[in-house]
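Chemist: Turn these sequences into a full structure, and let the hints steer you where they fit.
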Amino acid sequence: MVVTYFCIPRKIIVTDTDIVLYNHGFKRKIPKCDILKARSVTAKDRNGLWRKFAVEGVWGYCGIYASKIHKNLYIYASQNKNWILIETERKSYIVSPENLDIIDVINK
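The numbers in UniProt numbering rise by one with no breaks, and the one at position 32 of the sequence shown is 32.
It is worth saying that the hints were derived from the structure and are not from the lab.
Small disclaimer: the values here were computed from a predicted structure and weren't measured.
Do not rely on the hints blindly, as some may be mistaken.
Once the Cα atoms are required to be at most 20 Å apart in a straight line, the calculated EDC-like pairs of lysine to aspartate or glutamate come out as [what the hints assert, rightly or not]:
| hint | residue 1 | residue 2 |
| --- | --- | --- |
| 1 | Lys11 | Asp101 |
| 2 | Lys11 | Glu56 |
| 3 | Lys68 | Glu87 |
| 4 | Lys81 | Asp45 |
| 5 | Lys108 | Asp34 |
| 6 | Lys32 | Asp104 |
| 7 | Lys81 | Asp104 |
| 8 | Lys32 | Glu56 |
| 9 | Lys68 | Asp18 |
| 10 | Lys29 | Glu87 |
| 11 | Lys108 | Glu87 |
| 12 | Lys37 | Glu87 |
| 13 | Lys68 | Glu89 |
| 14 | Lys108 | Asp18 |
| 15 | Lys27 | Glu98 |
| 16 | Lys29 | Glu89 |
| 17 | Lys32 | Glu89 |
| 18 | Lys27 | Glu87 |
| 19 | Lys29 | Asp16 |
| 20 | Lys11 | Glu89 |
Modeler: In structure tokens:
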């Protein structure tokens with residue numbers, strides 16, 4: 001449970017060059033030039049979702065998951081709603097911002 005607290009993003013910032021996930025003690029950057037697209041997560045994306053190496057708890061979801069569609073999903077979500085799938089050539093990420101308008105900002 002303590003591990004989850006330190007892994008979950010507390011803030012998501014979109015800059016001109018990156019999407020930055022700020023956690024307690026570290027930050028993770030997803031370069032915008034690597035992003036193929038961002039969209040809302042559908043029920044189909046979540047179908048059969050299971051943990052490969054991840055933690056879940058009161059503060060959210062953090063780690064590597066898999067589903068029937070995606071072999072590796074890197075999930076950094078502080079809530080179970082507003083999930084956004086960010087696809088790059090090498091990885092797929094799920095984040096959970098407060099506002100889904102961030103999808104338009106990412107896809108610019």
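Chemist: Compare the distance between the alpha carbons of Lys29 and Glu87 with 20 Å, and conclude whether the hinted pair is satisfied.
Modeler: Holds, at roughly 14 Å.
Chemist: Sort out whether Asp18 lies within 20 Å of Lys108, counting only the CA atoms.
Modeler: 12 Å, holds
Chemist: Measure nothing beyond the straight line between the CA atoms of Lys68 and Glu89; if it is 20 Å or shorter, mark the hint as holding.
Modeler: Roughly 18 Å between the alpha carbons, so the hint for Lys68 and Glu89 holds.
Chemist: Compare the distance between the alpha carbons of Lys11 and Glu89 with 20 Å, and conclude whether the hinted pair is satisfied.
Modeler: The given pair, whose Cα atoms are some 24 Å apart, is violated under the 20 Å limit.
Chemist: Is the hinted pair Lys11 and Asp101 satisfied, with a Cα-Cα distance of at most 20 Å?
Modeler: 15 Å, holds
Chemist: Check the hint pairing Lys81 with Asp45 against an upper bound of 20 Å on the C-alpha distance.
Modeler: 13 Å, holds
Chemist: For Lys108 and Asp34, compute the direct alpha-carbon distance and say whether it is at most 20 Å.
Modeler: 13 Å, holds
Chemist: Need the status of pair Lys29, Asp16: alpha-carbon distance at most 20 Å?
Modeler: 12 Å, holds
Chemist: Assess, step by step, whether the Cα of Lys108 is no farther than 20 Å from the Cα of Glu87, and give holds or violated.
Modeler: The hint holds at about 14 Å.
Chemist: Can the restraint linking Lys37 and Glu87 be considered satisfied, given a maximum Cα separation of 20 Å?
Modeler: 6 Å, holds
Chemist: Checking one constraint from the list: CA of Lys29 to CA of Glu89, max 20 Å. Satisfied?
Modeler: Between Lys29 and Glu89 the Cα gap is close to 15 Å, so the pair holds against 20 Å.
Chemist: Between Lys68 and Asp18, does the CA-CA distance stay at or below 20 Å?
Modeler: Violated - the C-alpha atoms of Asp18 and Lys68 are around 28 Å apart, more than 20 Å.
Against the hints set out earlier in the document, violations occur for numbers 8, 9, 20.
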